[in-house]
Every structure is written in C-alpha cells, then in structure tokens.
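Chains as they are written, first to last, in my numbering: chain A, 10 to 439; chain B, 655 to 1042.
Warning: the hint list may mix true and false statements.
As a list, the in silico DSS-like pairs of lysine-lysine whose alpha-carbon atoms are at most 30 Å apart [said to hold, decoys possible]: (1) A/Lys130 to B/Lys698; (2) B/Lys765 to B/Lys884; (3) A/Lys131 to B/Lys1017; (4) B/Lys698 to A/Lys96.
Source of the hints: derived by calculation from the structure; they are not laboratory data.
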Amino acid sequence: MGDIPKSDWKVQRYLYTRDISSAPLITLLLKYVDEIYQPRNEEEVMEILKMAKQEGATVIPRGAGTSGYGGVLPVKDIALFRFSSRKTIMIDTTRMDSFEINEDEQIVECSPGAVWWDIEKKLNKKGLTLRIYPTSAPSSTVAGWIAQNGTGVGSLKYGGIAENVTKIRVADFNGVKEVEGKDLKYYVGMCGTTGIITKAWVKVKEVEDMHYYAFHLPPHKAGKLVYEGEHYAALYLDEGYVKLKNQSFGTNLPEKDTLMIATTEKMSEGDEELGEEIWETRFYPMRVRKLGPGLVAAENVLPVDSIPAYLNALHRMVKQPNGSEIWYVKGKKGAVLTFIPSDERKFLNYALTWRQSLRALRTAKKMRGVPYSLGLYLSCESKLLLKQDYEEIREFKKKIDPEDLLNPGKVFPKGVFPLIIGIGQKVVIL
Amino acid sequence: MRVEKEINDLVTACAQCFYCRVCPAFQTIKWESVSPRGRVYTIKGLIRRKIELEPQLVEDFYKCTTCGACEEQCQTTLPLVDIWEHVRAEFVKEKVAPLPAHKKIRELAEKSGNPYGEPQEKKIEWIKGYKYNESGELLYFAGCTASFRAVELAKNTVELFNKAGVEFTFAGKDEYCCGSPFLRTGQRDIAYEFFKKNYNEWKKRGVKTIVSSCAGCYRTILIDYPKIAKELGLDWDFKVMHTSQLVNKLIKEGKLTPKKFEAKVTYHDPCHLGRHTKVYEEPREVIKAIGAELIEMDRNRGESFCCGSGGGVKSQFKDLAGAIGKNRIQEAKETGAEYLISCCPFCKYHLKQMAEESGVNIKVADLVEIVNNLVGSSDIKAEDIKCG
Ligand SMILES: Cc1cc2nc3c(=O)[nH]c(=O)nc-3n(C[C@H](O)[C@H](O)[C@H](O)COP(=O)(O)OP(=O)(O)OC[C@H]3O[C@@H](n4cnc5c(N)ncnc54)[C@H](O)[C@@H]3O)c2cc1C
Ligand code: SF4
Ligand code: SF4
C-alpha cells in the first residue's frame, strides 16, 4: 500500500470506532475497525479500494465523525447475519482537505475532507460565502454532509446539500467517475454505501448584508412568519430549549418560545439584539450536553403545519427537562431536533431515555414526518425516506458492490439493527 | 485508571463535535490520538477500561503544547488544559510518566533550581550595571529562559524600567523556576517546592506586585500560584503583571515616550498570555503607541496558532515543535510584515529558530526589546531591531 498513512494500533482503532452518538447496548453489536488509512489523493483512495476488493474487506469512509446515526460505525459481521468474518478498513479523509475557489462561476471545487468553515473563511476574503452549511461547520466535511444529505443554515432559501452541489467525483471498485444531475441521488445521503466521494463542486454566493430578528411566537405563528418573506435562515427555539440553553451558556435569555430569522430584508418588528445573540451561538446546539452529562437526541423532519402538534405531543410524552430547536427548510418543512440531557453513565435511566427518541420518530411518522437521516440506526426507515427511489438505488448498489463491501449495514437494512429499531418503535408505545 | 469524579463528569460531557480540531498537534500529525477529542475519548476509555495505559498512548497524550486552542472552541466549554494537566499528573502517579526529556529537566531543576541546570548565581550576572533595590513593592521576575537563554530580553526590560524610573526589586539567585514546566508535565510536587521558595522570598522582600516578561511564568504565577497557596493554607495577595501591561501603563502615563517605529509588524499572541490569561489588547496598544503598522495574522487573539514549544513539547518532541513553529512562521510571512513581535522569550526563541530553519526572512523580536530601543539610547546588542 505504498506509503499511505495507516494505523492498526488498538488505541487508534478504538478512537476511530465512534461518532457523536452513544447508544446504550448497541455497542455490543459493533466492532473496532481493523485498519485506518488516510489517503492524500484520489489515486490513493483507488489503491485502498483495490486492496479491499482483493482481500474481501469492508470499507467505511469517514469525514469528521460528527454524524450521529452510526454511519461511520463498523458492525459485527454476526449482527449483519454474516457468519464469516471480514476485515474492516476505514478511509479517513482528513488529509484530503484542499479546495479551490472559482470566483467567476461561484463554485468551490472541494476535496472530500474539506471543512465547511475553512472554506467559508477563504470565501469571505473574496466577498463570497457559502449558500448553506451545517451547524457543525467548524469541523464537519463536505463529503460527510453530502453522504448524509443534510440541511442546515441557509436551507430555508437554498434547500439541502443535494441542491447545492453541481457535480461530484466518486470512486468505487471499477474506477472513478463524475456524477451530476439526477444521478446524484445514487450518492447523496447514501453514507458511502455506493462509493467514496473524492470531489464535490459546491455552489456559493456573494456576501450580503444580513439582519437577525427574534420574535416570541408560538410555533404555528412562527411557521407562518418564516415563509412570508424570502428569508435566508430561520431557527425556532422552544421554551424548553431556551431554558436548557440558559443553564448551559450561563445566559439570561427570556424563557419563551423564540423564533430567529436571518434575512437580507428589513423587518419592521423583531428584537435585533436577541436575534443576533441566537445567530452567534448557532454552532453550539449541543452545549446542553453538559447538563447530563450526556444527551439523547431525536431528529425528525416534518411539514411546517404538523410541527405545533408534534411539539405538543413531545411535551406530553417526555417528562424530563427537554427542548427542541427547529431549522426551517425550503418547501415548508422543519428539521426538529429535540434534546434530552441524560447522564450516559446511568445505564438504565439512559436506556429508558433513549426510548423517547424512538417514540418521537413514531409520533413524527404519524404526522407525515420522516427521520432526518438513515445511517446505521435508522436503515429500517430507508423506504420511507427514499420513497420511489429506494428499489432503484438498491439495485444500483447491488450492481456496483455485489459483495456489499462498501459500508455494509448502512442505509440498506440488513441484519439485526433494523429489526431492533423496528421492534423498538413498536414496543415503546406500549 | 481512576480519576476524580469531576474529571469523569467533564469527559462525559464532551460532545465529540471535533471543533477542537484547530489543535496544532492534530493539524500536524493528523491522527485522533493526538487530537483533543481523541484525548478526551482516551480518558473515557481508560476510565471505562476499554483500553490500557500503554507507552504509545502516554506519549501521544503528551504531544500537546497546552496551548488552549481546543478550549477556546469547545462545544461544551470544557476546561481542557486543566484536564490534560490533571491526567498527566495521574500518569506520573501511575509511573508511566514523565517522559524522558521531562524527567531530565526535573533532575536538572532538582540540582540547580532551574530547568536549564545553570548555576543560580548566573541569575545575578546579567543585571550587573542596572539599578534595582534589595526590597520593594514591585518585583521583576525575569524567569529562567530570559535569565539563561534570552538574556537580551531581561536586560532590555530592566534598562527600560531604569529609563522610566521604575523602582523594583529583583531576587537574583533566590529567584527559582516558577514551576511551569513541571505543572504542565504532571510533575506537581517539585513545582510546589519552587512555589514555597519564591513565595517566602517575595514576602521577605515586601513584594506586592510581581512583573514577569515570560508569558509562561506570568500564567503560572497568576493562575496556578493562588491555587497552590490555597491548597497550602497560605494567603495570596500579590498583584501579577506581564511586562507588556506595565509598559503600556507607563506609556499611557507619559513615563515612557518611545520614538516612532516605522515598520510593518505582526503580533504573535503567546498562548499563556493570550488564551490563558486573556491579555490580548495591551501588547497591541503598545504596538499602536509606537506607531508601527500592525498587520494581523489570520489566526489571532483567541484563535492564535501556538508557536509549538510549550507544554514540554520542544524538549521531548522536537520535530512536532518544529513543524508547528514553521506553520506559524509561514502565516507570519503571509502578512508581509518585517517583524514578528511576541511577548514571551520562549516563543521568540523558538520562532526565531524556525524562521531561520525555514529560510523565512522575518525579524523575530520581543515587544519590550523594541520599545527599549525606541526610548533614549541602549547599549544592548539588538541585531534584529533597527529603530528611529
Ligand atoms: C454540533 C453539531 C451540529 C450539527 N449540525 C448539523 C446540521 O445543521 N445539519 C446536518 O445535516 N447535520 C448536522 N450535524 C450532524 C453532522 O455534523 C453532519 O451530518 C455532518 O455533515 C457530518 O459530516 P462529517 O464530516 O462529520 O461526516 P462523518 O460523520 O464522518 O460521516 C457521515 C457519513 O458520511 C459518510 N462519508 C464520509 N465521508 C465520505 C466520503 N468521502 N464519501 C462517501 N461517504 C462519506 C460516512 O461513512 C458516514 O456515513 C451536526 C453535528 C454536530 C456535532
Ligand atoms: S492545548 Fe493545544 S496542543 Fe493541547 S490538545 Fe489543546 S489545542 Fe492541542
Ligand atoms: S470541542 Fe469540546 S466537546 Fe467538541 S470534541 Fe472537542 S473536547 Fe469534545
């Protein structure tokens, strides 16, 4: 394997075998990755894939490891209902972090491990800015977000990441290809199960003057106001979340349901100081984790008109302190992220709190909602999320990866996980 | 490994978000085991017995300059530097640390009173010819690096004090290492010994304010000493200043009127002065007062990139310290500045070396040296500074 940086040291394997989730019991079904590679270019990615194919090893791509759906976690073969053991290789894209800005076309050509906020800082020097980015932008990578099919800041105006990349390059066992247009669906949100993204062309825009306004509104009124104008981004914090935020930030924000709108338009009402304060802390949604210490989260995407009822249901259901934040998305939808601080070392209590996450999903589904992402934990929901594309993408996966070496167990339901989560959702309503 | 409940709570709060990827060690080495997130997860793994305390783990844990860049970004506001130092002290207790270079420094300090193993008597040599008092309310704490390795800084400082009519006392051979190298590397006991010696000396001389020209000493005396005093049941009523703060004050009061410094400069925030003690503006105010054109590096103030030499890294991991330092030099070069100014002999010494090694033509100087050369005349050889 030439001189590609590599580690198979036990401690390193332990450190790379995780994401931000910390699911109770589920670790029993996971194993450590066997080897971690840090390719520096596309050729090295191909070299690793070739070796994996020869050895029959599975391959997990990893960006910054900031996703929370198990997409970078290696599953025990037995948990995939396979009884012969396969080696698992991780491709860590840390060293593939370069990017090039094309000012004229307002496009950034990004290597997979390029970090959103590094890009933004360079763009700003040229009077440009990202159209959208996740609130994990200080650390998360371009390919990681594409593979998660994320939405984030700016998605109110510009939609999700799929709408904001013009083209990607992907490596699989047959070589490297460029993909654009409707074929992007074979890769966006696929957690690397169909190939390793080695480049992405991301749309950017000129910097505009932005204003931030805060309003204390119930969710149904907030949803209405958000879509009345052509706003850039909107974040709703329910009263419970503001309380948790105050406790963890040591601030004194008014403990009421609060909507923040970031917009280029001038609005006649709204508290600009509070709006700016909420905007400035947008990258720190998980500070509330301090309160557990530990956190259980539920994240579902719902039509805006279902959100008030969904929040009501959550308030009735979750007895311990909790709070939700909502980033509104183009197409009258909101990504509702609910946080329940819980000490992850208190096993039973923590496991019971985790059930709330599944209950929230079940409730969301009843209200035309879908889970935010699939990864490993929610592969059982892929038909719901991918809808009519599911079969087609599954066939595509079988064609390019017949031995299921590319990130097995993710997105496409297989083995024990989908069963557990499926049963879990049914049991929790009892 | 057993750790106090407080440390256990803190590492459990880590969100694994990786905002701490700004870490200079991670940016250089690129593996999780040297990243702050990796360190936190390592501690969790040791507590929960998922991994074992092995030499490579300990070594990687020490590849950290204690610069505090991670802490500045932390999603959950963890006091990461305190955590690192606490765990290093645990490693020492478990006898898997200190690392060889740190052990050697301790041996030297045990014999001589300073980490360079120099005779303490030499601390009195450089000050010959300058005016100072045997006792007094203001004490100049030169620190070991300025006393033995960057004497021009110590000389420039006291010459400047003399020019401004600042009355001060100096402990000379009775000025012991502040203990910083030992607190940072987990060897706390010897730091306590030095604390006691310095503390008694200061009390004896009637000191009320301590001024230091070393960012590391300043941090240690300002932050660690009051905690140690409390632990030992001693009162702590000293005021602590860094020379940049005193010089700024003297300029503002009109006691120093430096000439104009017509040069493009950039300023490197020493981690122990900036992030650790939040002294960001006073050095910049001095730079403004001398009329230099300040061009900031991209990473400045809280986001400043470490010089690479702190936390025991330069002594144990020369290549790592060198790579971090060269990264910073490159950033300084990109500003187009002629001078790279800092406020710490340790940063200056290392950055100067790295500029030379990477063939970058930038003059590295301490702020006090520059100011002293702008006030009256000076006999001190300051090869890099052309003033007036
Ligand atoms: C504080 C915080 C805020 C967050 N905010 C948001 C938000 O606003 N919106 C949002 O969508 N998410 C958010 N997230 C979740 C997460 O940060 C995002 O999903 C992010 O895009 C993941 O990027 P990553 O680089 O960490 O990818 P990873 O977690 O490393 O990987 C994510 C998935 O992508 C796959 N992958 C990685 N690299 C490649 C590649 N080169 N080719 C193919 N597949 C690949 C992995 O196998 C995995 O399945 C947040 C997380 C945190 C901690
Ligand atoms: S203190 Fe500095 S070197 Fe140490 S882990 Fe934090 S960022 Fe890295
Ligand atoms: S920034 Fe803080 S919370 Fe995030 S991974 Fe690093 S140590 Fe953990």
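Evaluation of the provided hints:
{"no.": "1", "hint": "A/Lys130 to B/Lys698", "in the structure": "violated, 33 Å"}
{"no.": "2", "hint": "B/Lys765 to B/Lys884", "in the structure": "holds, 27 Å"}
{"no.": "3", "hint": "A/Lys131 to B/Lys1017", "in the structure": "holds, 27 Å"}
{"no.": "4", "hint": "B/Lys698 to A/Lys96", "in the structure": "holds, 26 Å"}
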